[in-house]
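Just so you know, the protein sequences line up as chains A and B, in that order. Per the working numbering, the first sequence starts with residue 1, numbered consecutively. Per the working numbering, the second sequence starts with residue 74, numbered consecutively.
No lab work stands behind these hints: they were computed from the structure. Please note that a few of the clues may not be correct.
Under the rule of at most 30 Å between Cα atoms (straight-line distance), these lysine-lysine pairs were calculated in the BS3-like manner [to be verified]: (1) B:Lys425 - B:Lys401; (2) A:Lys59 - B:Lys205; (3) B:Lys243 - A:Lys16.
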Amino acid sequence: MICPRCGKDDIVFMVKSPKGDVWSAYICNTCCYSYRDTEPAENKERELYDERFRIDPDKIDSCPIIPPIPKLI
Amino acid sequence: MYRDLREFLLILEKENQLVRIKEELAPEPDLSAIGRAAPDTEAGPAVFVERIKGYNNPVVLNVHGSWKNHALMLGMPKNSTIKEQFFELNSRWDDYPVKPVWVNSKDAPIKEVKITENINLFDVLSLYRINKFDAGFYISKPLIITKDPEDPDNFDKQNVGTYRLQVKGKNRLGIQAMPFHDIGVNLRKAEERNKPLPVVICIGNDPLMNFMSGTPIEYAQSEYDFAGALKGQPVELTKSESGDLDIPARSEVALEGYIIPRVRRVEGPFGEFTGSYSGVRNQAEVVITKITHRKSPIFENLYLGIPWTEIDFLLALNTSIPIYKQIKRDFPEIQAVNAMYTHGIGVIISTKKRFGGFGKSVAMRLLSTPHGIPYSKFIIIVDEFVDPFNLPQVMWAITTRVRGDKDVVIIPNCPGVPLDPTSEPAGMNTKIIIDATTPVAPDIARETELLERPPDTDKWIEYINKNLK
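Throw the hints in and build the complete structure from the sequences for me.
Given below as structure tokens:
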């Protein structure tokens, strides 16, 4: 499945509702975006996902690292 | 005094500061909308949602989200003014430390149910998206307990803090541990040794514990000892199942696990206390290995939006008091500190003047306090007779006291807090000081005489209030 946010074909099933089978939640293994299948289409469909919040999967590694990883002692 | 969240909710209900919703709601968008709506109402009550579609357990929102709830948290009458709450807190602060008491596992409600296999956060917590473009479901009101790996037996150095958590799986969370946060110090020491950092995340807590976990106290001061001082009675702790941590015995849920050493993965954005989304960053991750909880645990969470929302009440006076204590120690002329704006990015201080230019000295002292260094950016200094919690009075001081050429100071390229959208580059900012005090010698100003209150004004206020229909 395609990730609405980063566009990678890397969405996996995360969990189904603990009570009744009324929803499932999914997560992207590339960008860690997650959603529930009962949310609005803008949260779960690539074409409708707001441009301002999309991310380029190739640029994730260059995002700031917080906190920095210290040297081993 | 209440002992935990459940007992506090009973007080809120009795005081007409809690609304119960019995009908089943959807996780999105109902819980987010309620979190936004509650502090926008005149009463600002907590909202208890009993049933959420697909989940086992209830949610409570906006527990801290009004000055009425805040006063009740302090055990004060619900209509106490902000200034009264400030000075009450200030006085209780001096009772620190009140040491906690420890209870056995069998007497700790948080140990009623223990889960050690097939960990699934969704079984216990009714998780939901807080703001539309958050990267996922967030836990926004946790107490996160860690120890200093170099000094694990030092109780006072044990840290209880609130840091945002992104749910990344049934047993996995992203955590925002900034290097200047105490947990950032603990994580650095663990990672230097390539060791996992044991952590317990408590949810559904005594409201004064949440108040303290967001308070900028010193590294070697105990949040538990402070909470005891503010409550006027010790808090009850118990030992975690693993990691030898001390946790509140009466919280609703404890998620136990560790921060994976030397690993960062993508986290965010998240709608933050600044009223804007944070950036996307590579941050640390927590693996949950055990859960203990009370029966029918309440998931307490917090909405963040354009101020004021619950977080602004939660980070108001607990930001103001430590700054007041620190500055007052050097400058006894200080009367009160209002650091309620966006976690102390905006601060108003009232002070007497020792000599000309004193207001600027006070502002610069603020900018050398641990919290003021990164956070405080917009500082207004007013006379001792101006109430810094009364914004119309503060605006009066600005309009009638400030000489633009002498009293406004801009200091570029200072430390800043990265979450402030004006921090550019992230971590740097420009400080602005507005000295709205009346000039005193050797400074000179036009002679001006203040109007005085007519005699018996207070008597007539009482009369008018009493005769209002």
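The hints, checked one at a time:
no., hint, in the structure
1, B:Lys425 - B:Lys401, "holds, 12 Å"
2, A:Lys59 - B:Lys205, "holds, 23 Å"
3, B:Lys243 - A:Lys16, "holds, 10 Å"
In summary, the structure agrees with every hint in the numbered list given earlier.
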